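Knowing the structure of chain A, use the given hints to seat chain B on it.
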Amino acid sequence: MKSPSEMRAILATDCGSTTTKAILIEKVGENYRLIARGEAPTTVEAPFEDVTKGVLNAVREVEELAGKTILEGERIITPRRNEKEGVDLYVSTSSAGGGLQMMVAGVVMTMTAESAARAALGAGAIVMDTIASNDGRLPHQRVSRIRKLRPDMILLSGGVDGGTVSHVAELAELIGAADPRPRFGTGYELPVIYAGNVKARDVVKRALESKSDLSLVENLRPTLERENLAPARQKIHDLFMEHVMAHAPGYKKLMGWTDIPIMPTPGAVGLLIETIARKEGIDAVGVDIGGATTDVFSVFGGVFNRTVSANLGMSYSVSNVFAEAGIDNIVRWLPFMMKEGDLRNRVRNKMIRPTTIPQTTEELIMEQAIAREALRLAFEQHKSMAVGLKGIQQERTISDAFAQTATGATLIDMMSLDILVGSGGALSHAPRRPQAALMLIDGFLPEGVTRLAVDSIFMMPQLGVLSKVHEKAATEVFDKDCLIRLGTCLAPVGQGRPGAPCVKVKLGEEPEVEVSYGEMKLLELGVGEKAHAVITPLRGFDVGEGRGRRLEREIEGGVVGVIIDARGRPLLLPDGQEERAKKLSEWEKALGVYPELGTQAGPDRQE
Amino acid sequence: MAHAYTPGLKVSEADIVRKDRRLPLKGEVVVKVGEVVRADQIVARTELPGNVQTMNVAGRLGCVPEDIHELMLKNVGAKVKQRESIAESKGFFGLLKTRVPAPCDCTVESVSNVTGQVILREPPIPVQVDAYVDGKVVDVFEEEGVTVETYGAFIQGIFGIGGEAKGEVLKVSSGPEEVLTEKDIPEECSGRVLIGGSRITADAVKRAIERKAAGIVAGGMDDEDLKLFLGYELGVAITGSEDIGITVIITEGFGKMRMADRTYDLLVSHEGDRASINGATQIRAGVIRPEVVIPLERTGEAKGLVSSSEGLIVGSPVRVIREPYFGLLGTVTDLPSELQQIETEAKVRVLQVELASGEKVILPRANVEMIEG
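Chains as they are written, first to last, in our numbering: chain A, 1 to 607; chain B, 608 to 980.
Keep in mind that the hints were calculated from the coordinates and are not lab data.
A quick note: this is a predicted structure, and the numbers were derived from the prediction, not measured.
One should not assume that every hint holds.
[Said to hold, decoys possible] No farther apart than 25 Å at their CA atoms in a straight line, the calculated lysine-lysine pairs in the BS3-like style are these: (1) A/148 with B/633; (2) A/480 with B/954; (3) A/339 with B/834; (4) A/211 with B/686; (5) B/863 with A/339.
In isolation and in its complexed conformation, chain A is listed as follows:
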């Protein structure tokens, strides 16, 4: 591998669960720029069953668009031979392989078992069942449940350090007796992670060591008042890569092609979000909405958190979004009537043919309604899981521990959030940028002043992995070609009477604008432009300085502009279908979201 300064052409791919994306970066003068991008369906499915075929298809598209030769047969030419042939570096990320299905076990359902479930969910798993000593089932019922479900992995917790050993031993003996087999491969031993009472480690080892691939990590609930989920989560992530990814067909071949190890897509995107927050010293949230999973990343007060919702996505997992959100929550975002049966069938058809794209505006609106709910659910999960990684532990008092609300104090503070970055097909490929802006606002409900951005053409994963070996190239391309600044959202927190004044905004020398409660308004402020803003919320509303207190600060523009969202927080949509559809159309019109409803054409998407 050449030294970074010698590299002139870099190829990076991301194998998603639905689409494989390839980008070509070249040194133009002194700077690195994006030259071409190609994409092709991911080929983990029959008849190919080889992820590298999709990579080759995507690279072929790059070759065509860039007018270069990168492939020689089924081989990537590296190092570069001349200006027209080959690349100096090839890196890749991957999330192909689908979700992770886990079972968790703990002694008390509302305590260690709940903590274990939180650890597994935080690591992006689908929790198939939670077993606890007090779950009301008989031992043989638990055993047959474990056998029947055939999870990819089991997380066993139980007992605070120095606490009960016998109950933990009982659970370990049960799992051992079930002798669970993994879904894939007869020669593969089921991974079991033990994250419980340290005093019970020996009995757990005796019960499970010979029957499973047992890993011991720190107790995830060392005391009743404290959770320590990071070690268990990290272990789950490691095993996920080893287990699920290694089963994606062709993955091992791809590993042989890349110059550095393949990085999991969420890991690569997380790295970028963390870098943005660190560099600017701000609180940031990033989201990558994919076909099978939705990943949320946050940095608040310097603490980085990542959750992977393995069951929320826009293609493979689209039905699960539908099942989890419920039909009413999807329908509430539709500005037109659609029969429940029709909507259900359309969602299912997307599930069984996940690579299709909306052709009509009505279908686009429907998909974007589902995307809003996927974003909302993934963010809710993130908020309840963001309890501090890297050694920072979530403190709980005894009363919290018994009350067991869904979460301890979450680290997420929407008012302090500075930038919200979206990535993934639904956001990056939205035909109009205001669509992405409104999906982000509706899904995340930012408060106060928040900058919005999207990954222009969904290349954050590739840049994330590239930043590991060539930070200059990654940063330059990220800044110039990847990040599209949508603008800034101003959202007063509070509730009011529809039509009553909510907030006054004065942007630079422009005249002051007053926006009523229940309205949205778009002010022009272009890309790279900044303006001094005086934001005066009316009594009862807060934009960051306290109720009714004026905020003065510089705000940034973008391709959409400055969005004043005076719909209030929490956002309450009108109950009646007709009234709701009217309001949705009004807001969409204010931002120029959809063709037939909008008044202004949105910027074209660059391909």
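Relative to chain A, chain B alone:
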């Protein structure tokens, strides 16, 4: 041109179909390479460890868990008959002893001096794997299973519910357009694979279950009906283990979907023949589609195969798989390489398709699938 396209579902009149038949854990293979097997013939078998029962023996004897080992009458590994004592307390001067009888025929699996629990394992449960299709054993994986090869019609569905089933093909609709309701399910359909039309209702599925049909193959079904007869909302598309007493396969999609003529005609032409069907679907990495295999008596070359590596070309037969032309068939007439703007304003790769009606339409390439033979 990049080879970006969606591979279609296979519908083949005659093809060589190979099926791996593996045990869930190691066991014994009972057939040899070259042996001709029937679909329901056992090809491999093993024994799954029996269910376990836990007994709080320490509690029942009134002793502390640490003492349990010396009170056990049967040690780990011992086979015990039902009601035979497995442990006994010391009693009072050797009198008034408490005994713990075994609740069933079992083996003592483990005795824990931490919990005071004894785990008893019931006799092993035999597990057998059958050939699934009539054919010939072409490969044997020692202690694991075999590959059975057959020559016959092979049809992939798009989505299914329920696992493997076998039965005679029986046409129950008058055409591929017809909606299958409960009145279309004949009284004499026990053990048969019913071939329906464009949509199957929940009532029809329920009636078919009552009349013990082996399976139903139809063009489509409503998601509401699926929820009705499953009894729950399906999350991710991973199916095959549903225990609803029937296997259901849809070939086109959700909603009222006329079954493709080619699929319908092929299925109907085999009325009376034995079919092996499987509803198992996994739409994720390593996709699994439901299938219908109808072995033929004769053997021969696979015919009508379209090489998948060719990709989409002008003249390729395709099926539209997204609104607003969902389900329609046509032929590719143009493959422009430049991106084009569609109604949603997205700029995407498109193709021109001449539909069966003669109408020419521009569609995103992602929204068609090849019809493979």
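Okay, the hints, checked on the actual structure:
| no. | hint | in the structure |
| --- | --- | --- |
| 1 | A/148 with B/633 | holds (18 Å) |
| 2 | A/480 with B/954 | holds (22 Å) |
| 3 | A/339 with B/834 | holds (16 Å) |
| 4 | A/211 with B/686 | holds (22 Å) |
| 5 | B/863 with A/339 | holds (15 Å) |
Against the hints set out earlier in the document, no violation occurs for any number.
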